[in-house]
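Peer 1: Now for the letters of each chain:
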Amino acid sequence: MATNTEVTRRDASAAAQASGGTSAQRAQSAEAPIRPPVDIWEDKDGITLCADMPGVSKDRLNLRIDGNNLIVEGQVQLELAENAEALYADVRSGLYRRSFSLSGELETGKIEASLKDGVLTVRIPKRAELRPRKIEVQAS
Amino acid sequence: MFGIPSNMPSSVFDELWRLQQEVDELFGSWSSPLGIRSLPRGSFPAVNVGQTPERVDVYLFAPGIDPKSLEISMQQNLLTVSGKREVRAEEDTDYYRQERFSGEFRRVITLPEDVDPERVQAKYADGIVQIGIQRRESARPRQIEIH
Numbered sequence: 001m002a003t004n005t006e007v008t009r010r011d012a013s014a015a016a017q018a019s020g021g022t023s024a025q026r027a028q029s030a031e032a033p034i035r036p037p038v039d040i041w042e043d044k045d046g047i048t049l050c051a052d053m054p055g056v057s058k059d060r061l062n063l064r065i066d067g068n069n070l071i072v073e074g075q076v077q078l079e080l081a082e083n084a085e086a087l088y089a090d091v092r093s094g095l096y097r098r099s100f101s102l103s104g105e106l107e108t109g110k111i112e113a114s115l116k117d118g119v120l121t122v123r124i125p126k127r128a129e130l131r132p133r134k135i136e137v138q139a140s
Numbered sequence: 001m002f003g004i005p006s007n008m009p010s011s012v013f014d015e016l017w018r019l020q021q022e023v024d025e026l027f028g029s030w031s032s033p034l035g036i037r038s039l040p041r042g043s044f045p046a047v048n049v050g051q052t053p054e055r056v057d058v059y060l061f062a063p064g065i066d067p068k069s070l071e072i073s074m075q076q077n078l079l080t081v082s083g084k085r086e087v088r089a090e091e092d093t094d095y096y097r098q099e100r101f102s103g104e105f106r107r108v109i110t111l112p113e114d115v116d117p118e119r120v121q122a123k124y125a126d127g128i129v130q131i132g133i134q135r136r137e138s139a140r141p142r143q144i145e146i147h
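As given, the protein sequences belong to chains A and B, one line each in that order. Count the first sequence with my numbering and you get residues 1 to 140, in order. Count the second sequence with my numbering and you get residues 1 to 147, in order.
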């Protein structure tokens, strides 16, 4: 079994060198990216996003903020034999991509992300001064 | 399958890229009749199957599962994988989107008839279950020498 580590490593470094837009354009011309399914929920301190991106390891994940948008990208790496041919394929693209526009009350500088077993979790906190406060109604 | 920039000439990489393109073509041109046990596209988990003369590899795209909860069994050339994925539902929160699969799943995959159900290996990494099944040697293509 040979892995295609070399090929994808080269791709990852090229993506890192190029600006974000270039890698997105290339992805569009090369193959249609998969839209990973997501769960998104909000609590009083922030918003959490979970995305299914199986086959993506930490070094092939590209999470970035572009202007007001959060962009999630990842490359799939499968351990394929060199002479492998496909018998069946539900997944026909090696790239995940999805973007979300953020709003001003979110603190983009304090985004935290983790990747475990192909599940990406992104935590986007709200600005402390903008967290909702309960307004007490004074009895008159 | 893997997007490779084509503006960086390098003979070794070009060769790998060309091989990858061939794999892409094979994956992309899948148009055989529907398997009787196949599930609609978008079912969890997604499955890819690759083969070489020596082995068949099944890839299940199953992120966020506990591999111990998986049940993998082979009956002749029929591979059955079942399991469960519990997506933690947060309480007291407002969901905007809930697109990720949650619950029990089962997939049955018909493999080539020459696979050896005694020689199966499975591993779980980055959310992909890879099940490798060796094929019987007698079924492999052999070079016949002319004397």
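Heads up, a few of these hints could be off.
[Said to hold, decoys possible] Simulated crosslink set (DSS-like; lysine-lysine; CA at most 25 Å straight-line): (1) A:134 to A:58; (2) A:44 to A:134; (3) A:116 to B:123; (4) B:123 to B:84; (5) B:84 to A:116; (6) B:68 to B:84; (7) A:44 to B:123; (8) B:123 to B:68; (9) A:126 to A:110; (10) B:123 to A:126; (11) A:44 to A:110; (12) A:44 to A:126; (13) A:126 to A:116; (14) B:84 to A:126; (15) A:58 to A:116.
[Said to hold, decoys possible] Partial list, derived from the structure: chain B residues whose beta carbon lies under 10 Å from chain A: (16) 39; (17) 48; (18) 73; (19) 89; (20) 90; (21) 105; (22) 108; (23) 124.
Read the hints as simulated data drawn from the structure, not as lab findings. These numbers come from a predicted model, not from an experiment. For each residue, glycine too, the CB sits at the ideal point set by N, CA and C.
Peer 1: Against each hint, give a clear statement of whether it holds in the structure.
Peer 2: Cross-check of the supplied hints:
1. A:134 to A:58: Between residue 134 of chain A and residue 58 of chain A the Cα gap is close to 39 Å, so the pair fails against 25 Å, i.e. violated.
2. A:44 to A:134: Holds. Residue 44 of chain A to residue 134 of chain A sits at ~11 Å (cutoff 25 Å).
3. A:116 to B:123: holds, 15 Å
4. B:123 to B:84: holds, 17 Å
5. B:84 to A:116: Holds, at roughly 17 Å.
6. B:68 to B:84: holds, 10 Å
7. A:44 to B:123: Given that 25 Å is the threshold and the Cα spacing comes to 39 Å, the pair is violated.
8. B:123 to B:68: holds, 11 Å
9. A:126 to A:110: Satisfied, since the Cα-Cα distance of roughly 9 Å is no more than 25 Å.
10. B:123 to A:126: The hint is violated at about 39 Å.
11. A:44 to A:110: Holds, at about 16 Å.
12. A:44 to A:126: Holds: residue 44 of chain A and residue 126 of chain A sit about 8 Å apart, inside 25 Å.
13. A:126 to A:116: Holds, at roughly 24 Å.
14. B:84 to A:126: Not satisfied, since the Cα-Cα distance of roughly 33 Å exceeds 25 Å.
15. A:58 to A:116: At roughly 9 Å apart (the allowed maximum being 25 Å), residue 116 of chain A and residue 58 of chain A satisfy the hint.
16. 39: holds, 9 Å
17. 48: holds, 5 Å
18. 73: Not OK, violated: residue 73 of chain B not within 10 Å of chain A, min 19 Å.
19. 89: holds, 9 Å
20. 90: Given a least distance of 6 Å, the restraint on residue 90 of chain B holds.
21. 105: Since the shortest Cβ distance to chain A is 13 Å, the answer is violated.
22. 108: violated, 12 Å
23. 124: holds, 8 Å
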